[in-house]
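S.K.: Quick note, the sequences are listed as chains X and A, same order. The numbering of the first sequence is my numbering, which starts it at 4 and goes up by one. The numbering of the second sequence is my numbering, which starts it at 7 and goes up by one.
Since the hints were derived computationally from the structure, they do not count as laboratory data. A quick note: this is a predicted structure, and the numbers were derived from the prediction, not measured. Cβ atoms here follow ideal geometry from the backbone N, Cα and C, with glycine treated the same way. There could be a bad hint or two in this list.
Claimed, not checked - Each computed DSBU-like pair below joins lysine-lysine, with the alpha-carbon atoms no more than 30 angstroms apart:
| hint | chain 1 | residue 1 | chain 2 | residue 2 |
| --- | --- | --- | --- | --- |
| 1 | X | LYS76 | A | LYS13 |
| 2 | X | LYS39 | X | LYS76 |
| 3 | X | LYS76 | X | LYS46 |
| 4 | A | LYS13 | A | LYS62 |
| 5 | X | LYS39 | A | LYS13 |
| 6 | X | LYS46 | A | LYS62 |
| 7 | X | LYS194 | A | LYS13 |
| 8 | A | LYS13 | X | LYS46 |
To be verified - Example chain X residues on the side facing chain A (calculated, C-beta under 8 angstroms, incomplete):
| hint | residue |
| --- | --- |
| 9 | LYS46 |
| 10 | HIS53 |
| 11 | ALA64 |
| 12 | GLN71 |
| 13 | GLN79 |
| 14 | LEU81 |
| 15 | VAL142 |
| 16 | ILE146 |
| 17 | LEU196 |
Said to hold, decoys possible - For each label pair, taking beta carbons as the anchor points, the in silico distance ranges come out as:
| hint | chain 1 | residue 1 | chain 2 | residue 2 | range |
| --- | --- | --- | --- | --- | --- |
| 18 | A | LEU49 | X | ASP104 | 33 to 41 angstroms |
| 19 | A | LYS13 | X | GLY36 | 19 to 27 angstroms |
| 20 | X | GLU38 | A | ARG113 | 33 to 41 angstroms |
| 21 | A | ASP25 | X | GLN79 | 53 to 61 angstroms |
| 22 | A | GLU45 | X | ARG203 | 14 to 22 angstroms |
| 23 | A | ARG85 | X | ASP104 | 16 to 24 angstroms |
| 24 | X | GLN79 | A | ARG14 | 25 to 33 angstroms |
| 25 | A | ALA99 | X | THR183 | 48 to 56 angstroms |
Residue strings, one per chain:
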Amino acid sequence: MVKEPLSIVTGTINKGGAPSRDDRRLAVEAQGGDEKAFADLVKRHSGGLHRAVARILNDDAEGWDVVQMAFLKAWQQLDRYDPRWSFATWLYRIGTNVAIDLIRSRKSRERTHQAGMEQRLRLVGESEPTSHVVEEGEVSTVIAQVLPVLSPQQRAAFVLREIEDMDTSEVAEVLGCTSTTVRNHIFQARKALRLEIEKRFPEYLPTSRRKK
Amino acid sequence: MNCPEFKRSIDEYLEDQLDGDDRRAFREHLQTCARCRAEAVVLEPSLLLIAGVPVKTDDRAVDECAEAVNALIRQERLRRRLAPPSRRWLAAAAMCVVVLGGGLLWRVAPWGDDSQPAAVSVAESQSEVEGIAPPPRLEVEMPDSEVRLYHFAGSDSETTAVYFVVNEKMEL
Chain X
4 MVKEPLSIVT GTINKGGAPS RDDRRLAVEA QGGDEKAFAD LVKRHSGGLH
54 RAVARILNDD AEGWDVVQMA FLKAWQQLDR YDPRWSFATW LYRIGTNVAI
104 DLIRSRKSRE RTHQAGMEQR LRLVGESEPT SHVVEEGEVS TVIAQVLPVL
154 SPQQRAAFVL REIEDMDTSE VAEVLGCTST TVRNHIFQAR KALRLEIEKR
204 FPEYLPTSRR KK
Chain A
7 MNCPEFKRSI DEYLEDQLDG DDRRAFREHL QTCARCRAEA VVLEPSLLLI
57 AGVPVKTDDR AVDECAEAVN ALIRQERLRR RLAPPSRRWL AAAAMCVVVL
107 GGGLLWRVAP WGDDSQPAAV SVAESQSEVE GIAPPPRLEV EMPDSEVRLY
157 HFAGSDSETT AVYFVVNEKM EL
């Protein structure tokens, strides 16, 4: 469990959403007992938070459970929220910690999504038209099969930085560590993912690098 | 970002040296140009995992989540209301009252003086005068959810509480 206190940051999580200043105003109103303000925060952030935690957990349904749990915890601890912080960073920190705890508790029964194994992917290849856009579903199949090799912290760092495209400093705030540690987690994650992809999806590699 | 720029930027991206617009442009090119994607994935297989175009979360799922969170919060609020006071502190407070009260009584009581009437508590005297239990007190009211919680403090038990839950989502 993460112990370090949050520092003051200007968050930009949920880049497609409304500015975080509005989040702070809503959070302050929620602290004053405004239920509608809190409901607005739930609607604004549940989609983004779900995308992140579902990836970390590798489970869409469990992702929604974690989102609900994270919002309940946020509501319970609302008096501890400092409006100088980014609400989104604070919320993602709660959600990520819940997800990491869940992974640790189920580590021995980590699901391997075999269902997608038959679906050979069209993600890369010379025969594709140059403008081909990859559907997220295709990538999800690969992600679901290779992410379980990562530790919970590596997985959270990789998902938040590389898949959700958060700033490194924001990921550090969410995980309660330094930016250097985040970079290190991502470096280690890439290394482990490279081996896993070489093993499971050799068709993406040149013949010389494929394992016999 | 064009293809040559993309190829030049791969190392910078992997070393976390690209920021802001450059990083966004790199990711966009990776997602839309199949030829560059093929080359990049050969260099660094993990780039495969960021090649998908993010899809927007289903609005209906978000609404359902908001509704579920709302129900959890109301349930938590009810639970807090119904939670009995901390027994440990209650016991400690009662012990203090007994000790202090006993000590005080020992010092000021006119032992053996039959002319003084026995002390009668205010509550006792009031209940004798009125002779009826206090009316139920409304503890929680949530008009939107049709939930009302009443607290009946009768003479038998001070902690008796009866609550009515009309909305099934609020079931404890």
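S.K.: Let me make sure I understand: some of the numbered hints might not hold for this structure. Which ones are they, in numerical order?
M.R.: Of the numbered hints, 1, 5, 8, 11, 14, 19, 20, 21, 24 do not hold.
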